[in-house]
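Here the numbering used here is used: the first residue of the sequence shown is 3, the next is one more, and so on.
Just so you know, the hints here were simulated from the structure itself, not pulled from any lab data.
Being a predicted model, the structure only gives us computed values, none of them experimental.
Take these hints with a grain of salt, some might be off.
For lysine-lysine, the following PhoX-like pairs were computed, each having C-alpha atoms within a straight-line distance of at most 20 angstroms [to be verified]: (1) Lys90 <-> Lys183; (2) Lys74 <-> Lys90; (3) Lys377 <-> Lys55; (4) Lys83 <-> Lys183; (5) Lys183 <-> Lys237.
Okay, the calculated beta carbon distance ranges per label pair [as the list claims (entries may be wrong)]: (6) Ile233 <-> Glu45: 34 to 40 angstroms; (7) Val213 <-> Val61: 31 to 37 angstroms; (8) Pro87 <-> Val226: 19 to 25 angstroms; (9) Phe80 <-> Ile222: 49 to 55 angstroms; (10) Ile375 <-> Leu326: 44 to 50 angstroms; (11) Glu52 <-> Phe80: 37 to 43 angstroms; (12) Leu202 <-> Lys51: 46 to 52 angstroms.
Every residue, glycine too, gets a C-beta built ideally from N, C-alpha and C.
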Amino acid sequence: MKKWIFAILIFCFALGWFNFVFAQGEVLQINFFYSAICPHCDEEEEFLKELEKKYPEIVVNRYEVISHPQNKEILQDFYEKYQVPEGKRGWIPVTLTPTRYFIGFNQQIGEDIENCLKECLGEESTAFQKIKIPIFGSINISKLSLPLLTVILGAVDGLNPCAMWVLLFLIALLINTRSRKRMWFIGGTFLAVSGIFYYLILAAWLNLFLVISYVNLTRILIGVFALGVGIWQIKNFIQFRPGVCKVSDGKLNFQERIKNWLKNHTEKLAASPLTFAIFGGIILLAIGLNLVEFFCSAGLPAIYTKILTLNHLNPLIYYLYLLLYTFIFILDDLIIFSLAAITLTKIGFTEKYNYWATLFGGILIFALGFLLIFKPEFLMFG
Numbered sequence: 003m004k005k006w007i008f009a010i011l012i013f014c015f016a017l018g019w020f021n022f023v024f025a026q027g028e029v030l031q032i033n034f035f036y037s038a039i040c041p042h043c044d045e046e047e048e049f050l051k052e053l054e055k056k057y058p059e060i061v062v063n064r065y066e067v068i069s070h071p072q073n074k075e076i077l078q079d080f081y082e083k084y085q086v087p088e089g090k091r092g093w094i095p096v097t098l099t100p101t102r103y104f105i106g107f108n109q110q111i112g113e114d115i116e117n118c119l120k121e122c123l124g125e126e127s128t129a130f131q132k133i134k135i136p137i138f139g140s141i142n143i144s145k146l147s148l149p150l151l152t153v154i155l156g157a158v159d160g161l162n163p164c165a166m167w168v169l170l171f172l173i174a175l176l177i178n179t180r181s182r183k184r185m186w187f188i189g190g191t192f193l194a195v196s197g198i199f200y201y202l203i204l205a206a207w208l209n210l211f212l213v214i215s216y217v218n219l220t221r222i223l224i225g226v227f228a229l230g231v232g233i234w235q236i237k238n239f240i241q242f243r244p245g246v247c248k249v250s251d252g253k254l255n256f257q258e259r260i261k262n263w264l265k266n267h268t269e270k271l272a273a274s275p276l277t278f279a280i281f282g283g284i285i286l287l288a289i290g291l292n293l294v295e296f297f298c299s300a301g302l303p304a305i306y307t308k309i310l311t312l313n314h315l316n317p318l319i320y321y322l323y324l325l326l327y328t329f330i331f332i333l334d335d336l337i338i339f340s341l342a343a344i345t346l347t348k349i350g351f352t353e354k355y356n357y358w359a360t361l362f363g364g365i366l367i368f369a370l371g372f373l374l375i376f377k378p379e380f381l382m383f384g
């Protein structure tokens, strides 16, 4: 079953579903706020004039904010409409397209504006849109939608075998009790607390990125981190040796110490009577699992929430996306646990699954890191 789920995810990712664009031929309004004494505004003014010649469908509405103070009130309305963070307000030039806003101007921002307009007009962007990945072929990142990307990353995060071993170990112990009631109580509580705590982790990452003013710097740092993690995952895939275990020097790192604590704690929970103390123990176990997941996920929550902030969404929409990500993340755990509870049969991962999951996760994280650094516009949807 796991192999089929994994194959479907790869198929969906390679297809690159859902490209939502404006119909060709529509008039496209651009709102440009500038100052007559701002040199960057002058540069963008020349750029916009060239765009108007190049794309007759474009209409630029110009608002000078120094000589005409009333235009500042119009800009404030746009700030609210586009949910522009407080830290980004008060700077010019400001350019607002139907789908995105841009603050400041340089060559890169000019390219981003033109690519955004091409997408709005339904044209193919001439910028780099496809990444070539070994085995999976060319993938058009620009044609993925944000909901689909959320589902893919949430599923890849949830299917990570490194993070699921605690659940599988818990299932194996509970099956030996031959009590479905005990399984549903302990396992259900475990999954519910895991989902809530993981949602809080995602929300913490999101709010951190929303309040940090150095948007480009954090984007590049997260991208570099993702590149490093992707290379590390691919290296693990290359160095993988089936049927053998690595001999350690006897010293346990932080992650291994947490795993040992989780294993011992899980054994006690499975054998103890159902009391309020056991309920508290299940909560601690779920929190401990999320600490392991923090290392095992290779930074996917941080990468995903950074991509969310690039899309300048309504605050409520941010948290709905986090809810969707968490639901997909916990869904495979719920399916595996439910099957085990109903059939009282152990479920586990094969060595082959671990092998290919490592490669797929590494390639995906590396690709996201590359896009965050060099082509962030292809992670800005709709």
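Given the hinted pair lysine 74 and lysine 90, is their alpha-carbon gap at most 20 angstroms?
Cα-Cα ~15 angstroms, so holds.
How does the Cβ-Cβ distance of phenylalanine 80 and isoleucine 222 compare with 49 to 55 angstroms: does it lie in that range?
violated (27 angstroms)
Decide if the proposed pair is consistent with the structure: lysine 90 and lysine 183, CA atoms, cutoff 20 angstroms inclusive.
violated (53 angstroms)
Quick one: are proline 87 and valine 226 within 19 to 25 angstroms, going by C-beta?
holds (23 angstroms)
At the C-beta level, are glutamate 52 and phenylalanine 80 separated by a distance inside 37 to 43 angstroms?
violated (24 angstroms)
Falls inside 44 to 50 angstroms, the C-beta gap from isoleucine 375 to leucine 326?
violated (26 angstroms)
Would you check the hint for lysine 377 and lysine 55, treating anything up to 20 angstroms between C-alpha atoms as holding?
With a Cα-Cα distance of about 26 angstroms, the restraint between lysine 377 and lysine 55 is violated, given a limit of 20 angstroms.
Is 34 to 40 angstroms right for how far apart the beta carbons of isoleucine 233 and glutamate 45 are?
holds (38 angstroms)
Given the hinted pair lysine 183 and lysine 237, is their alpha-carbon gap at most 20 angstroms?
Roughly 43 angstroms separates the two Cα atoms, so the pair is violated.
Please test the hint of 31 to 37 angstroms on the beta carbon pair from valine 213 and valine 61.
For valine 61 against valine 213, whose Cβ atoms are near 35 angstroms apart, the range 31 to 37 angstroms holds.
I want to verify a distance hint. Is the separation of the beta carbons of leucine 202 and lysine 51 within 46 to 52 angstroms?
holds (49 angstroms)
Would the pair lysine 83 and lysine 183 pass a check requiring their Cα atoms to be no farther apart than 20 angstroms?
violated (50 angstroms)
In summary, the structure is inconsistent with hints 1, 3, 4, 5, 9, 10 and 11 from the numbered list given earlier, while agreeing with the others.
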